[in-house]
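Colleague: Here is how the chains run, residue by residue.
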Amino acid sequence: MQEFRLPDLGEGMHEAEIRRWLVKPGDSVKLDQPMLEVETDKAVVEIPAPVSGRVAEIKVPEGKVAQLGEVLVTFENGATASSSPSASVSVQRGVQSDVAAVSASSAGSNGSGGSATATRPRVLAAPAVRKRAFELGIDLAQVPASHPSGRVTMDDLEKFAQQAKAAPTQSVQAAQAVPAVMPVQTNGTGAAPAPTKPPEAGAQEERQALTGLRRRIAERMERSWRTIPHAVAFDELDGSALVALRQQLKPVAEQRGVRLTYMPLLVKLLIPVLKEYPIFNASFDEEQRAIIYKRVYHIGIAVDAPEGLLVPVIRDADRLSIIEIAQRMEHLIAGAQKRSLTIPEVTGSTFTLNNIGGFGGSSGVPIINYPEAAILAVGRLQEKAVVVNGSIVVRSIMPLTLSFDHRLIDGGAAGRFLARFKALAEHPQQLMLDMI
Amino acid sequence: MVTIQQIEDTMTPYQILDVEGNVVGSVPKLSTEQFLQLYRAMYLGRVFSNKIIALQRQGRATTFGSLLGQEASAVGLAAPMQAQDWLTTSYREIASLIVRGVPLTTLIYSFRGFTPVFPKETRCLPVQIVIATQMLHAVGLGMAAKIAGDNAVAVGVCGDGATSEGDFNEALNFAGVFQAPVVLVVQNNGWAISVPRRLQSAAPTFAARGPGFGVPSVLVDGNDVLAVYDVMQQALARARSGHGPTLIETLTYRLGAHTTADDPTRYRDAAEVEAWKAKDPIVRFKRFLIQRGLWSEEQDQQLIAVVEEEINEAANIALNMPPPAPDSFFDYLTDSPTPRLLEQRAELRRFAQQDQ
Amino acid sequence: MQMTMIEALNQALALELERDKRVVIFGEDIGANGGVFRVTEGLQRKFGVQRVFDTPLAESGIIGTSVGMAVYGLRPIAEIQFAGFLFVCMNQLLSQATRIRFRSGGAYTCPLVVRAPYGGGVRTPELHSDSVEGLFLQSPGFKIIIPSNPYDAKGLLASAVADPEPVLFLENIKLYRSFRQEVPEDYYTIPIGKAKVVQEGRDVTVMAYGAMVPVALEAAKKAQQEAGTSVEVIDLRTVWPLDEETIVNSVTKTGRAVIVHEAPKAGGVGAEVTAIINEKCLFSLLQPVARVTGYDTPYPVPGQEDYYVPNVPRVLDAIRRVMEP
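Protein chains in written order, with my numbering: chain E, 1 to 436; chain F, 1001 to 1356; chain B, 2001 to 2325.
Okay, chain E solo, but in the shape it has when bound (with noise of 0.2 Å):
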């Protein structure tokens, strides 16, 4: 009998959940033949057969979590591998395949990939509002607590079932703070998925255990919410300028097969200000109680994707030109679309950017990127009434919200980066002062 073990698939993960399994008891299956799907930190990666020979058993379903090491599947005796498991890598579908190179260029970025599955701090709960919890399916870190020191009653948790009964599919409205999501081409509201059992006739609740995309996002939103203390500061760009730029590039971006959004245009302006205010690209370490200044620029670039919220990241974006941006965008939306996208394209990140201009609501307030300094969330462009030297004027406003990490940040910064990334917005073409 020959075991295969989860094993270590890059960027410090210690776990991963079975998404797919391709094969199944009895099956015969070739070496390297894709065998297996799990999903780590946002990535789905598919898993090759490490033998060629019979599948005895699947130790670990899909929907379960595997830890590093733990064994996935058995072969039969008579199985040939032409090398031990743990030396096979996993091929990914899409880009490279070298996890160590990549984590390597990556390096810098502050094991992103690994928060989803560090320890998280233990919610406060008697023990009988743990087994109730426990009955209803609900993880008592979701759950508000009305106590001072943060304990969640049992009146705290009925409530919250209540709740989640009446709204399972506004989750966003419903939380306490708005997560940042971008509907782009499609309408995914960023729910969980549905339930895989229907309701017994009568029933009075439905359980719904908390699996993938939408786990990991919970995971990070708690300790993102839960660790940095998050201050907010508003702004307000008038959007002229980058009105008129846009649709004056527009036309020759889509004849070079770019489609041209302001996104890439923001992203664009946002490097110059990350390098000016460099404690904005920067992320602390709680351990060392040290701030890590990154010299690299990863943006992250918010997408809703129909599983949940996924935020795929721009490398070197200060190396890039706009349009090289807005390509590297569109294969990063339509992959997470897919759920396509590797390991390295959704972590890494050095700061956020977050269009929530298309959701219905003109502006919001975004959770920080855990573990960045900061998150910039643009809204809506709106035509506004404003006053300009003394006479009320019709202009394009959208609305700025930075959210940032009070341990590092004070007001005074913040309004100085919202101040010198509104004045770069407004007036574009002095980006062409620094241009190599």
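Treat the hints as calculated values from the structure; they're not laboratory data. Think of the CB as a built atom: it goes at the ideal place given N, C-alpha and C, for glycine as much as any other residue. Treat the hints with care, since some could be wrong.
DSS-like mimics (lysine-lysine), calculated; alpha carbons at most 27 Å apart, straight line [as the list claims (entries may be wrong)]: (1) Lys2253/B / Lys159/E; (2) Lys2222/B / Lys2143/B; (3) Lys2280/B / Lys131/E; (4) Lys2253/B / Lys131/E; (5) Lys2253/B / Lys2265/B.
If you want the footprint, here are the derived chain F segments under chain B, 3+ residues with CB under 8 Å [claimed, not checked]: (6) 1106-1120; (7) 1199-1208; (8) 1296-1307; (9) 1326-1337.
Simulated DEER-style distance windows between Cβ atoms [stated by the list, open to error]: (10) Ser149/E / Met1321/F: 42 to 52 Å; (11) Pro148/E / Val2312/B: 22 to 32 Å; (12) Arg2320/B / Pro1323/F: 22 to 32 Å; (13) Arg1197/F / Arg2180/B: 31 to 41 Å; (14) Arg151/E / Gly2228/B: 15 to 25 Å; (15) Gln1354/F / Glu286/E: 55 to 65 Å.
Starting from the known structure of chain E, arrange chains F and B on it as the hints suggest.
Modeller: Chains F and B in isolation, oriented as in the chain E frame:
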């Protein structure tokens, strides 16, 4: 065939003054002042004992064991002790404590139901409730003095009931084995609450117990203060000169109840009590002093007034002393409280404040 | 007939002496004097000095000889004048009385009942009020009974005498004469090891024994009045072995527990109850188990004992705490 023998006890109680106060032995060489001090101390002891009982009946004092009838025994055993000597007692030797210098106010304060602190220079251990344990403590104090090479003697006092406890017997044995400089005094007042002397032990006397442990012993008339004083003085000298322990049995009588919670009419004869009243230790000594020309009835009247005044004044002070803080007993436990103890102490304070 | 606890116990002892010729009763001052609390009043007169007798002043002597008597075939009921003096005979109690059966592989048993008064709030000298039951939990072999009322006292004493193994029967001084209750005059028993739900309730379980039962009931009444709390009060009656079933059933129902005893906190009956709740119904708990007990100091002097012994305000405070959401 071996003869299993019972050794007959031929001890007669040592006596200097008979019940009438006549000299029948050799009077110790004391100054007039010393004689009078003995008298005053016995008197003070009696009045003080009665005062505490009165306070108890008034609801101002807790349970108390009367000294009535045992004044000569209590005073006689303490008076010849020196400043460096130690004293361990039960709860009925209040006159001994007074002779050793424990203030009246301290004693009255303790009977209010609070923890007293005897001045350390008196070298008196706190009053012992658990019967006979103090005898082992006395032997230990003596053993320590001997080891340290000091000139101190330890005196342990208990009652007839205590002789049945294991600790008493172990104390005698240790005293003998280690030749401890200790004087063990059994105040045989005839009763252990309701259990009479004859049911306490089959031994003819308690003094007879000593030789069984290799400890020399003496039987003395406990209502004859001069006899007790004399015997005590000799025993202390023996111990101090390295000749080891002595067991002294004083024959006396508990004229009052065991404590303020006891009714002795339930278990003993009025006639017996009357018979012993006729052997009153204070009356006998007063007669002796008057016969010697050292005292007069007039002085006696004055003394009564002086003693009462002294006691009432002490009572006044002690009854008006502020009570200790409700949580002060935590201090008696340790100097270095654990966090757990501090929490408990704070809890007590919280509720005590609520009461106010 | 309306009886105080003393009268009920006196009657129980008289019944035992009548029913079984093997029963003997002894201790200090229990014969002619009828005991310092009069529990053995009149028994020597009625049953004679062979069966009801005074002993010399020696606790170790009392217990040691009673072990011998019990092994021989008598059924001794020994009185230790105050529970604080049990310290003097710990050796005979814990290395002898509770071990003779163990040591002899069951050949000999020790059907001994040790009775002793305990309990605070009565202005006694040192060591007359101490609660000592916790010490015996750590040296298995004694059943420990602490009744809270005359009716239970009589029935439980009968069961104690009938029990073939050593029983420690602790009688609360404050309760001796504090109230009268209807008690049947004939012989009856109450099972050892069964607690009693004195008052049913839904919200919180308050467990107590001895003089703390009336305190618990009073606090329960106040909690009901001030906050509408429905308190279930359990009189443990036997503190060893504990009635785990009754305790667990109640706490499973209420999810909140308070245990009250005069004895110090550390290693007491309350600690054992808490451990049982932890093992058997932890997942029903909505709040930690609260212990309202004496402090971890020796029992204080009469002038300070009121601050030491748990009272209604302290129990009520604990009820409020465990009633938090």
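Colleague: All the hints need checking, so say for each whether the structure fits it.
Modeller: Here is what the structure says about each hint:
1. Lys2253/B / Lys159/E: Cα-Cα ~22 Å, so holds.
2. Lys2222/B / Lys2143/B: violated (34 Å)
3. Lys2280/B / Lys131/E: Holds: Lys2280/B and Lys131/E sit about 14 Å apart, inside 27 Å.
4. Lys2253/B / Lys131/E: holds (15 Å)
5. Lys2253/B / Lys2265/B: Holds. Lys2253/B to Lys2265/B sits at ~25 Å (cutoff 27 Å).
6. 1106-1120: Three-residue rule met by the stretch 1106-1120 of chain F, so holds; n is 4.
7. 1199-1208: holds (count 3)
8. 1296-1307: violated (count 0)
9. 1326-1337: With 7 residues in contact (Cβ-Cβ under 8 Å with chain B), the coverage given for the stretch 1326-1337 of chain F holds.
10. Ser149/E / Met1321/F: 42 to 52 Å: holds (45 Å)
11. Pro148/E / Val2312/B: 22 to 32 Å: holds (29 Å)
12. Arg2320/B / Pro1323/F: 22 to 32 Å: holds (29 Å)
13. Arg1197/F / Arg2180/B: 31 to 41 Å: holds (39 Å)
14. Arg151/E / Gly2228/B: 15 to 25 Å: holds (24 Å)
15. Gln1354/F / Glu286/E: 55 to 65 Å: violated (44 Å)
When held up to the earlier numbered hints, the structure conflicts with 2, 8, 15 and fits the remainder.
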